[in-house]
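Work from the hints to combine the two standalone chains into their complex.
First to last, the sequence lines map onto chains X and F. Reminder that position 34 of the first sequence reads as 34 in my numbering, one-by-one numbering, no gaps. Reminder that position 85 of the second sequence reads as 85 in my numbering, one-by-one numbering, no gaps.
In short, the hints are calculated from the structure, not lab data. Incorrect hints may appear among the rest.
To be verified - In the DSSO-like style, the derived pairs of lysine-lysine whose C-alpha atoms are separated by at most 30 Å in a straight line are:
| id | chain 1 | residue 1 | chain 2 | residue 2 |
| --- | --- | --- | --- | --- |
| 1 | F | Lys15 | X | Lys116 |
| 2 | F | Lys344 | X | Lys161 |
| 3 | F | Lys230 | X | Lys115 |
| 4 | F | Lys50 | X | Lys115 |
| 5 | X | Lys114 | F | Lys12 |
| 6 | F | Lys344 | X | Lys115 |
| 7 | X | Lys59 | F | Lys394 |
| 8 | X | Lys84 | F | Lys17 |
| 9 | F | Lys394 | F | Lys50 |
| 10 | X | Lys75 | F | Lys394 |
| 11 | X | Lys159 | F | Lys394 |
| 12 | X | Lys79 | F | Lys50 |
| 13 | X | Lys207 | X | Lys116 |
| 14 | X | Lys116 | F | Lys12 |
| 15 | X | Lys84 | F | Lys12 |
Stated by the list, open to error - Far from chain X by the CB rule (all over 10 Å, computed), these chain F residues:
| id | residue |
| --- | --- |
| 16 | Glu46 |
| 17 | Gly301 |
| 18 | Tyr387 |
| 19 | Tyr398 |
Where is the CB? At the ideal position from N, CA and C, for every residue including glycine.
Residue strings, one per chain:
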Amino acid sequence: MIVTENLTKIYRVGDRDIEAVIDVGLRISDNEFVSIVGHSGSGKTTLLSMIGGLTRPTKGKVFVDGIDIWSLGDKELSKLRNEKIGFIFQFSSLIPTLTALENVMLPATFSQNKKKEVAIRAEEMLDLVELSHRIDSYPSQLSGGEQRRVAIARALVNKPKIILADEPTGDLDHETEKDVIDLFLKINKEFNTTFLLVTHNIELAMKADRKLVMDQGKIIEDPND
Amino acid sequence: MEKLSLTYVARKNIKRKLFRSIALILAVGIATGALFSSILIMKSVERGSKTAVSMLGADLMVAPTGYEAAARSSLLAGEPQTFYMDRSIEEKIAKIDGVEKTSSQVYAETSSYPCCGFRKSFLVGFDPKTDFTVMPWLNKKLDRPFGGNDVIIGSEIPAYPGFTTYVHGHELTIWGTLHRTGLKYFDNTIFIPIETLYKIAEETRLNSNVAPLEINRNQISVVLVKGEEKVRPDVLEVRIEGRVPGVIAIPVESVVHTVKIQVSSLFGSLFILSAVLWVANTLMISAIFSTIVSERQRELGILRAIGADRNAVFRLIILEAVILTSIGGILGIASGQLIFLAFKNSITSSFTSLKIPYIWPSAVNILMISLLSFISAVSMGVFGAIYPAFNSTKMEPYLAIRAGE
Ligand SMILES: Nc1ncnc2c1ncn2[C@@H]1O[C@H](COP(=O)(O)OP(=O)(O)O)[C@@H](O)[C@H]1O
Ligand SMILES: [Mg+2]
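Only chain F is shown next, with the shape it has when bound in the complex (with noise of 0.2 Å):
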């Protein structure tokens, strides 16, 4: 026989009527699971976009003005789009006042690879002399100098340092490979220099064997631009779409901030329902246990006569409610947690279609969202069960004991 502990007797309580117990274990479960959902998704595009922004190193992106969304997204779901100001714009921002360090980059149409082995990827050129957010995240190298005909390429591309490849008709070197960011810009991309990628437009224009890479000289689609230490972003905002026509100067800061917005308007109204219902479910919870404790007053009473003091009995009480919320927040988060697991491809590709930037909160992080849910799953009950419990406790033994003779 097990050990008869009040717990033992709570247990034994939830038995009695098994599909309440059941409903309310279902109810608690599908609130944890969503708030448990909610809070994992906007962890993960709070990474996301926080990786993005940071690995960038940069505090400003400029672009040609009626492009902002496009550079954006560029930048945030890694799928550089084509569009171009000339490249004299560089010199023009470098010369303003508390900007530190500027680098151009131009994004190439991404669909056309008819060789290499390489899968769909992307195409960035960027400057080796200036570059300040390539080079930082450097992995693996070849033990010499970063030469013309040098690529260095993602962490999702199958390949490494010292192997050759072709971009449309180009054979080129892989120099090196990126670290892992969870981000396909940086991930699922070919870092070619700048000039070699002008130089295989020109061939591209004479060679009609290979595919067309429509990029001129001295085109470029963004420039990435370090502020000083002592000037505030958003000044150099203004400062540079002043003095530079034709531009759009993105803080990239804000980035994240768009994004936020963007998937709190999305995934919001789920963290919104989920307490919603924790709110719902601890009425409910309130309004049960307010049943159940007018159910068992004699037995209540009873326990009060064979020496259960009022601690004991509101003890009683809320342990009933808190195994049954137990219960709702381990199902809740268990099956939030397995429905991550298997769809955790689909998600992520589904984000990035949404030109949001998805990274998976590390297991320590997985972690602490699965307690806040089970705390809140748990708090349910205690907050449910609170006012029940202590009008249990109120009544005399004598008067529980008669209750409904």
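For reference, chain X alone in the conformation it holds in the complex (with noise of 0.2 Å):
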């Protein structure tokens, strides 16, 4: 269970105030699949961020499953982004000295997880995504929607209960692009997955639970409200 409460974020470039997210208040259940759409600079990635933990608010607050989890020091937030949260980005992010088991087990360096078992999920998540047989290959040596897909079994790894996809798709083809949003579908469906979409692509939006639309920081579409 996700909640937000009056989330926003003014960043402040030179003396000029830019109020990127203005008084957002979200509630997303558990298993829920959530889609957003918007505007490039409607406040998309920043919200997001705020969600996962990676940029403090300006003001308001985010519960993740009851925890204000801005009110947690580094340590304790490190530990839920590394444990609930699984982030897939819009670029490729993964880290090019390691091969593709070593990106999706790359999670667990960071947390008490055996090793061993990691090793094995890790396995088992790039099946799922279809790529065992390129577990040694570099990031190089992938294609991009090969890179996206282990970039979604490292999001996987550690069974978060959420899923924070920001324009996860936006750099694939049609066909690819596709793909990826069945697998979304799928996993939502069978690891009872929280998902936070953002995406371009209203028709893939449209296959989500819920579609929220945004607009200069607002939520101006939510069909729960």
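Below, the structure is given as structure tokens:
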């Protein structure tokens, strides 16, 4: 369960304030698949980053399973990101010096999980994204779509309750994009993972349980309101 | 597959820019090698001169004025040179207040050994009746009292008690051998009773078949002086020089001091160089790691997003620097050790020719010097990377990830 209260982010650039996100109040239930659409610059990435513990809100609160995440210290917040949240970014986010399998295992480096179990789970996840045959490949040897699938496997490796995906298919071709979204839906059903997906593709956004529309820092359309 | 750890990730990062890593490793290696060498040399010289002084067991060495340098070098480099004064000087010194013991020695020309099977060794006449510097270092000896035709030899001379030898045609028995000291003054010397040496000198003047030994009876080279417990050597020095004309009293401690200064001026610059290299390398590492951190800002942001806390990112950067500098340090120390091992003898002899006593530190000491040099190498990494590493943890993950967008 994710709850935000008056979530606001103002960037100060020079002597100008940019209101990236303004007073967003959201409730996202467990297992819900929520999509967010909106123009570029409407604040989607900033909103996702505040929910995921990547940037501190100027005002307002984020609760993940009842925990006020921005009241946590760096250690606890990092642990929460590590265990409860999986991120999928809009660009290739793999570490170029590590193989696909090592990239998928990476979150375990920062957790208490047993290395052996993680290795097994990492292989399972690569299997899930249909990349079992490429586990020893380096990111530079993989196509864009394959890289994104490795990133998805990495986001899943610690069995997070929440996946935050920021335009994860923006740079992929149509077919691949559809495959990725179908994979998300499958994961959502199979693992009961909550999804918050930012996308430009309205067609894909429609597949979600709930579609939010953002504009100029505000959520202007939410079926639940 | 290897265990995925921070160290593993750091090692993979090092391989990313191989040339940069190798250059850094070499720079650290050179600095560490220089540090290791300079400490090793200074320790060797210190050990050499300390041994020289303590082996002698005397507080002062009295020599004729004008021969201070020769006296010092005979003690430190074991190259007895020919300078003489009258034996009566010893009695005058012995009477001075605060003097506990005195003993005379005479140094003979060292080049003329036409027979005897000895390599070029030094000939020192000592007085068995008053001696307090040679006898205490006996290793093996014959089971009878020391006699007039007996000699004591240093450990480097290949002979044993009971052997017979000839010095300028005179037959002598090797009565005892000394412990190994590492100093030529002891190790490569034949100590012969002073009276016997005078007799041999007289014989050589009568016998044209043997090389002459140019020493006259009652000539001595130095008087070794031991002061009473409560009297400071420098006080004694002033007293002796004041009451006995024509001599110079050299506090033996000061010889070590002089050598230290001499060596510092020679090899202190190597030490200063390694200190300068340390600072330069630390700054270079700092610059390189600032670049590394900004190059990888997005990656570090991603690591934070997937659960690395500030501490983990900090450790990752420091680890990378420490791995690089450790490799450099080990390389520098290993090549330093190899060079010293390969040129051990020529290093020792070139020091000896500079009249600087040189004894290799013990294995334990070399280990300590290596450890110290290694710590210095690692500290370059830690100090160099600490600021960039700290900086890399300050940025919010969101901003780090979007950096360069
Ligand atoms: N680090 C930043 N500094 C200043 N302004 C920023 C920063 N990040 C985002 N913004 C601004 O905040 C607004 C929202 O940006 P963003 O959250 O990236 O929107 P979206 O993801 O919907 O494109 C934009 O006007 C953008 O220029
Ligand atoms: Mg965005």
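Checklist entry - Quick one, are Lys84 of chain X and Lys17 of chain F close enough, alpha carbons at most 30 Å? => result violated (34 Å)
Item to check | 30 Å limit on alpha-carbon distance, applied to hinted pair Lys50 of chain F and Lys115 of chain X | outcome: Violated - the C-alpha atoms of Lys115 of chain X and Lys50 of chain F are around 57 Å apart, more than 30 Å.
Checklist entry - Is Lys116 of chain X within 30 Å of Lys12 of chain F, Cα to Cα? => result Holds, at roughly 21 Å.
Item to check | 30 Å Cα cutoff - pair Lys114 of chain X, Lys12 of chain F | outcome: Holds, at roughly 22 Å.
Item to check | Holds or violated: Lys344 of chain F to Lys115 of chain X, with C-alpha atoms at most 30 Å apart | outcome: violated (50 Å)
Next on the checklist: Checking one constraint from the list: CA of Lys207 of chain X to CA of Lys116 of chain X, max 30 Å. Satisfied?
Outcome noted: Violated - the C-alpha atoms of Lys116 of chain X and Lys207 of chain X are around 36 Å apart, more than 30 Å.
Checklist entry - Keeping to a limit of 30 Å between CA atoms, is the pair of Lys84 of chain X and Lys12 of chain F held or broken? => result holds (28 Å)
Next on the checklist: Checking one constraint from the list: CA of Lys79 of chain X to CA of Lys50 of chain F, max 30 Å. Satisfied?
Outcome noted: violated (60 Å)
Item to check | Restraint status (C-alpha distance of Lys159 of chain X to Lys394 of chain F at most 30 Å) | outcome: holds (28 Å)
Checklist entry - Was Gly301 of chain F rightly flagged as not at the interface, with every chain X Cβ beyond 10 Å? => result Violated: least Cβ distance 8 Å, not greater than 10 Å.
Checklist entry - Are the Cα atoms of Lys75 of chain X and Lys394 of chain F separated by 30 Å or less? => result Holds, at about 14 Å.
Checklist entry - Is Lys394 of chain F close enough to Lys50 of chain F, meaning Cα to Cα at most 30 Å? => result violated (53 Å)
The structure is inconsistent with the numbered hints 2, 3, 4, 6, 8, 9, 12, 13, 17, 19, although it conforms to all the rest.
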